[in-house]
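Starting from the structure of chain X, add chain R with the ligands where the hints point.
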Amino acid sequence: MKKELITLNINGDDHEIAVYPWRTLNEVLRDQLHLTGTKLGCGTGDCGACTVLLDGQSVSSCLTLAVEAQGQKITTIEGLALEAAANKDLEKCELDPIQESFIAKGAIQCGFCTPGMIMSTKFLLDHTPKPTEAEIRAGLSGNLCRCTGYNKIVDAIADAAEKISPTK
Amino acid sequence: MSLPQFTFLAPTSLSEACALLEKHQGTIKIKAGGTDMIVRLSHRAVKPDYLMSIKKIPGLDTISYAPDTGLTIGALALLRAVETSPLILENAPMLARAAHATATVQIRNMGTVLGNVCNASPSADNIPTLVAMHAAIVASNGTTEREIPIDEFFLGPGRTSLQANEIAIAIKVPPLAPKSGVSYQKISPRSKVDIAAVNIGALLTLDENEQCQAVRISMGAVGPTPLRAKQAETYLTDRKISDETLAAAGRLAAEDASPISDVRASREYRKLMVEVLTTRALKEAYGFAKN
Ligand SMILES: Cc1cc2nc3c(=O)[nH]c(=O)nc-3n(C[C@H](O)[C@H](O)[C@H](O)COP(=O)(O)OP(=O)(O)OC[C@H]3O[C@@H](n4cnc5c(N)ncnc54)[C@H](O)[C@@H]3O)c2cc1C
Ligand code: FES
Ligand code: FES
Chain X
225 MKKELITLNI
235 NGDDHEIAVY
245 PWRTLNEVLR
255 DQLHLTGTKL
265 GCGTGDCGAC
275 TVLLDGQSVS
285 SCLTLAVEAQ
295 GQKITTIEGL
305 ALEAAANKDL
315 EKCELDPIQE
325 SFIAKGAIQC
335 GFCTPGMIMS
345 TKFLLDHTPK
355 PTEAEIRAGL
365 SGNLCRCTGY
375 NKIVDAIADA
385 AEKISPTK
Chain R
2 MSLPQFTFLA
12 PTSLSEACAL
22 LEKHQGTIKI
32 KAGGTDMIVR
42 LSHRAVKPDY
52 LMSIKKIPGL
62 DTISYAPDTG
72 LTIGALALLR
82 AVETSPLILE
92 NAPMLARAAH
102 ATATVQIRNM
112 GTVLGNVCNA
122 SPSADNIPTL
132 VAMHAAIVAS
142 NGTTEREIPI
152 DEFFLGPGRT
162 SLQANEIAIA
172 IKVPPLAPKS
182 GVSYQKISPR
192 SKVDIAAVNI
202 GALLTLDENE
212 QCQAVRISMG
222 AVGPTPLRAK
232 QAETYLTDRK
242 ISDETLAAAG
252 RLAAEDASPI
262 SDVRASREYR
272 KLMVEVLTTR
282 ALKEAYGFAK
292 N
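The listed protein sequences correspond, in order, to chains X and R. If you want my numbering, it's the 1-based position in the first sequence plus 224. If you want my numbering, it's the 1-based position in the second sequence plus 1.
Next up, chain X with everything else stripped away, as it sits in the complex:
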């Protein structure tokens, strides 16, 4: 069976690569492009560890075919700080404010769920800049964490929301 030559736009860069049509976006990101920030947990859509943004929408990369991600803007955890920099008209940001809040609030233990949690948070805050606690919990209900017990993640997201859209 033949590979297809496709172009994926990831974090602002075009990558021309040959992929089998049955490869998921998760496999191509991690195994072919070595962008291993995006994790693979369950592989069946349940855990959210593989979450990336496609044209700004959070999706499970483990259920997305790489060939179908062509023509869309793919954002992974590696690209978040670059986007934050672009939004602030800066050359570079060390981290996105969401990443800073996760660190500051101790919302990371083993860290395996963190990239997915942060990408889901990005989608949530882009659509709901001032979420209630219930909205935070609902927005993150597609992301599982076996370490933190979730409370510190919720705190981190509230903190990030306040930083990004301060209440006056």
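Keep in mind that the hints were calculated from the coordinates and are not lab data. Using N, Cα and C, we set each Cβ at its ideal position, and we do this for glycine too. Honestly, I wouldn't trust all of these hints.
[Claimed, not checked] Subject to a maximum C-alpha distance of 35 Å in a straight line, what follows is the list of computed DSBU-like cross-link-like pairs (lysine-lysine):
id, chain 1, residue 1, chain 2, residue 2
1, X, Lys226, R, Lys56
2, R, Lys291, R, Lys272
3, R, Lys56, X, Lys354
[Said to hold, decoys possible] Covered stretches of chain X, going by a simulated chain R footprint (3 or more residues, C-beta under 8 Å):
id, segment
4, 245–251
5, 376–382
[Claimed, not checked] If you want the ones that stay clear, here's a sample from chain X, every Cβ over 10 Å from chain R, calculated:
id, residue
6, Ile234
7, Ile241
8, Ala242
9, Thr260
10, Gly261
11, Ser284
12, Leu287
13, Ala309
14, Ile327
15, Lys329
16, Gly335
17, Thr356
18, Ser389
19, Thr391
Structure of chain R with the ligands alone, referenced to chain X:
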């Protein structure tokens, strides 16, 4: 696990897509959002030679409303789009509630309402409300279209009355009669994002004396296909709505249900929940119908 090998097809017109279905009958599967299909491929529950995405077919993602014909939801309208569409929130808010009750944020950003219907799982979140509301599936074979009433659509778990060369291009939901109300109720063992252990859709229409003129109750996850609660419907029709008659309708619905015991719930629990949720759904629908 990696997916099994397949040839990927992405036709850009309906006629091309239906011709491919015809040509590769038995060895081809349709993919919309893929949230069921990719999982099934990954589990090797299906091993098609060809996987055909319908996402490149233009015009299938629209949601529209006309006062005489009602809502039309295109095959590629995402769960998220239905959940948040102003047209749906205004004209059929229970369809938005059902879409919202489906899966997680990420899955709703990928999966479609029609995929949920065509997947024909007995526990599907979007089916009971659509059954209650007299929906019809619009099927196309590339040259002609036909409308399949939703009552005739489900043949068994994962089986529908679509022909091998047909694609469901939309689902139509007629406007409600005056003095009608709809409700969707779901219970799942773990959390809101889990698959339903029981779900109920109900549509109640009142006559000028505030009696029940017509009622449709659809029960999910309690049989091989979504089931109508026929005894409850017959009982309630032409009767006065009261706490007693709604409770009796709930008991009759439980009699109509034929659930199994599985990891999500036991048969006995499901029966009890059919009773509770049917009464709850009817009560809510009655509240909407009165106003
Ligand atoms: C983690 C997870 C959680 C989930 N939770 C829920 C839940 O809570 N409730 C629930 O009801 N479902 C749930 N699902 C199932 C699934 O997400 C839904 O059924 C979804 O709506 C399917 O839509 P899709 O577009 O992804 O379908 P696909 O996977 O693309 O297709 C589903 C089936 O329908 C067929 N099909 C799709 N579109 C058409 C068409 N236009 N014409 C003909 N055939 C077609 C396909 O061949 C396939 O057999 C969950 C799935 C996952 C992975
Ligand atoms: S790895 Fe994709 S959702 Fe778990
Ligand atoms: S920090 Fe370990 S899984 Fe969340």
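Hints, one by one, checked against the model:
1. Taking the CA atoms of X/Lys226 and R/Lys56, the gap is near 22 Å; set against the 35 Å cutoff, the hint holds.
2. Only pairs whose Cα atoms come within 35 Å are accepted, and R/Lys291 paired with R/Lys272 is accepted, the gap being roughly 29 Å.
3. Pair hint R/Lys56 plus X/Lys354 holds up; C-alpha atoms about 33 Å apart against a cutoff of 35 Å.
4. Counting residues of the segment 245–251 of chain X whose C-beta sits closer than 8 Å to any C-beta of chain R gives 5, which meets the bar of three, so the coverage hint holds.
5. Given as covered by chain R, the segment 376–382 of chain X fails the check, having 0 residues with a CB less than 8 Å from a CB of that chain where 3 are the minimum.
6. Here X/Ile234 stays apart from chain R, with its beta-carbon at least about 18 Å from theirs, past the 10 Å limit.
7. With 10 Å as the threshold on Cβ separation, the claim that X/Ile241 sits away from chain R holds: the shortest Cβ distance comes to roughly 15 Å.
8. The beta carbon of X/Ala242 sits about 14 Å from the closest Cβ of chain R, which is more than 10 Å, so the claim that it is off the interface holds.
9. Taking the minimum C-beta to C-beta distance to chain R, about 17 Å, the non-interface status of X/Thr260 holds against the 10 Å cut.
10. The claim that X/Gly261 lies off the interface holds: its Cβ sits roughly 17 Å from the closest Cβ of chain R, which is beyond the 10 Å cut-off.
11. The claim that X/Ser284 is not at the interface with chain R is violated, since a C-beta of that chain comes within 10 Å of its own (minimum 5 Å).
12. With a cut of 10 Å on Cβ distances, X/Leu287 falls inside the contact zone with chain R, its closest approach being about 5 Å.
13. Consistency note on X/Ala309: stated as away from chain R, and its beta-carbon is indeed over 10 Å from all of that chain's, at 25 Å minimum.
14. The Cβ of X/Ile327 sits about 23 Å from the closest Cβ of chain R, beyond the 10 Å cut-off, so the non-interface label holds.
15. For X/Lys329, the non-interface assignment is confirmed: its Cβ lies about 21 Å from the closest Cβ of chain R, beyond the 10 Å cut-off.
16. Distance check for X/Gly335 against chain R: the nearest CB is about 20 Å away, which clears 10 Å, and the non-interface claim stands.
17. With a closest Cβ-Cβ approach of about 15 Å to chain R, X/Thr356 is found to remain outside the 10 Å limit, as its non-interface label requires.
18. Its beta-carbon lying about 20 Å from the closest one in chain R, X/Ser389 satisfies the requirement of being farther than 10 Å from that chain.
19. With a closest Cβ-Cβ approach of about 24 Å to chain R, X/Thr391 is found to remain outside the 10 Å limit, as its non-interface label requires.
The structure shown violates the earlier hints numbered 5, 11 and 12.
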